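Position chain B against the provided structure of chain A, taking the given hints into account.
So the sequence lines, in the order shown, correspond to chains A and B.
If you want the working numbering, it's the 1-based position in the first sequence plus 35.
If you want the working numbering, it's the 1-based position in the second sequence plus 35.
By construction, these hints were calculated from the structure, which means they are not laboratory data.
Please read all numbers here as calculations on a predicted model, not as lab measurements.
Please note that a few of the clues may not be correct.
Treat identical chains as interchangeable: a pair holds within one or across any two.
[Unchecked claim] Lysine-lysine pairs mimicking DSS-like chemistry, simulated, CA-CA at most 25 Å apart: (1) K96 to K121; (2) K192 to K164; (3) K226 to K192; (4) K121 to K192; (5) K177 to K96; (6) K121 to K226; (7) K96 to K164; (8) K177 to K192; (9) K164 to K177.
Number of protein chains: 2
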Amino acid sequence: MRYELYYWTGIQGRGEFVRLALEDAGADYVDVAREAGDQAIMPFLQGSEPGARPFAPPFLKAGRAVIAQTAAILFYLGPRLNLVPKSETARLYAHQLQLTLSDFVVEIHDTHHPIASRLYYEDQRRAAKERATDFRQYRIPKYLGYFEDILEHSNGKHPLTRHSYIDLSLFQVMSGLNYAFPNTMRRLRRKLPHLNALTERVASRPRLAAYLASPRRIPFNEEGIFRHYPELDAAR
Amino acid sequence: MRYELYYWTGIQGRGEFVRLALEDAGADYVDVAREAGDQAIMPFLQGSEPGARPFAPPFLKAGRAVIAQTAAILFYLGPRLNLVPKSETARLYAHQLQLTLSDFVVEIHDTHHPIASRLYYEDQRRAAKERATDFRQYRIPKYLGYFEDILEHSNGKHPLTRHSYIDLSLFQVMSGLNYAFPNTMRRLRRKLPHLNALTERVASRPRLAAYLASPRRIPFNEEGIFRHYPELDAAR
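Bound conformation, chain A alone (with noise of 0.2 Å):
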């Protein structure tokens, strides 16, 4: 099977949680609008092609099937890239730690666009900066802390009972905010032992440690997700 990822050009953006996932399988895909141009994402959202219409992107194609929404995607490639253990019990369970991580990322987004994501960051700026203020103090605790502390609570490696496509999604996210939030997340270091050796441990994996080196990895950018504005981060 030749999977068809579709997303936006220039940013890793959500897009991204899929691309881990594809490469660190070794899975023969395309990434549709790299090659093709963003324009080839446009008929899906228009409903003018066949199968389910995505809302917006990412979204997979894979045969005549399309499948949107991130953590969708994860789901449904889980079992078949062989990222996740088989039962039920465990899909579902990675399932529910992907949503709460798709949830961080939406608060990620929203400190430097609280009020419109139409808008550019410059005219949001005051917002931005008390939002980021709250999301530094409490809101990156809250979530890291659940995350360690499943990790904890787990065999201490992984989430669930092996590598899994959540180990994958916690190294993105750890990283994105290592390069939005340097100062915060130097402060929060001690605090946080598995997950920073689980994003070592993925970032050296083979296949990922040659993506992350290739120029499939777009750098982390201030159009994406996770932007570095010193402003929005603690002072050191």
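What follows is chain B alone, placed relative to chain A:
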């Protein structure tokens, strides 16, 4: 199977999407916190109960399984309550639509809490006004336009081939928006004939009508997701 639903008392919140499915199907369930108080929720959040540890309510206990995240609970319940067609394609499509509604619900909530969930509305009123203006002008039309279109290109009555939990969730979102943004929704009315018809149809399903008229249905109020703050709605 007697299901146990865990959700904070006093608000409809995200728990309501699960309640509507259980009520519409005539399922055997207990709304645990409404019988035993909110403290019944805590041991699960603290990880001292066996099973998957939820990040937040709602979560469902089904035998020994604990399933968290509204959309995942509905994904699990759908086939068991005969509230979704049985094929994997249909189940994933329903799930994608529910996840899109979940994204919408976050945006609806954040109109009155654009800075921090932790703080009072009164302390983030200025940002709320800005966010709500953008929300009314761009986000309501975008989301509801998408679902109206889905209905227009399906059989006109249901987003899937037959009645499903997505009909119930759309009913809930439409009812909530009608409560919170009555002027805005009145203006949009002519553009949403299928959604309005669906909302009325769902409200008159016998089990749902009985539920909505019962004390089990908590009224909309200014503690929940859908809040009526006149200054956040459009002028008449």
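Alpha-carbon proximity between K121 and K226, which holds within one copy, between copies, both or neither at 25 Å
Neither, since 32 Å and 45 Å both go past 25 Å.
With identical chains treated as interchangeable, where does the CA-CA distance between K121 and K192 reach 25 Å or less: within a copy, between copies, both, or neither?
Within one copy only: 19 Å inside, 36 Å across.
State whether the alpha carbon distance between K177 and K96 is at most 25 Å within one copy, between copies, both, or neither.
Classified as between: cross-chain Cα gap 24 Å, same-chain 35 Å, threshold 25 Å.
From the Cα coordinates, with 25 Å as the cut-off, is the pair K96 and K164 best called within, between, both, or neither?
For K96 and K164, neither the intra-copy (39 Å) nor the inter-copy (40 Å) Cα distance is at most 25 Å.
First find the shortest C-alpha distance between K177 and K192 inside one copy, then the shortest across copies, and answer within, between, both or neither for a cut-off of 25 Å.
within (20 Å within a copy, 42 Å between copies)
When no copy is specified for K192 and K164, does a C-alpha distance of 25 Å or less occur within a copy, between copies, both, or neither?
This pair counts as neither: shortest intra-copy Cα distance 35 Å, inter-copy 45 Å.
With 25 Å as the alpha-carbon cut-off, assign the pair K226 and K192 to within, between, both or neither.
Result: close within a single copy only, 16 Å intra versus 52 Å inter.
When no copy is named, should K96 and K121 be tagged within, between, both, or neither for a Cα gap of at most 25 Å?
both (22 Å within a copy, 21 Å between copies)
For K164 vs K177, is the C-alpha pair at or below 25 Å within one copy, between two copies, both, or neither?
within (19 Å within a copy, 27 Å between copies)
Consistency with the previously given hints fails for numbers 2, 6 and 7, ordered from lowest to highest.
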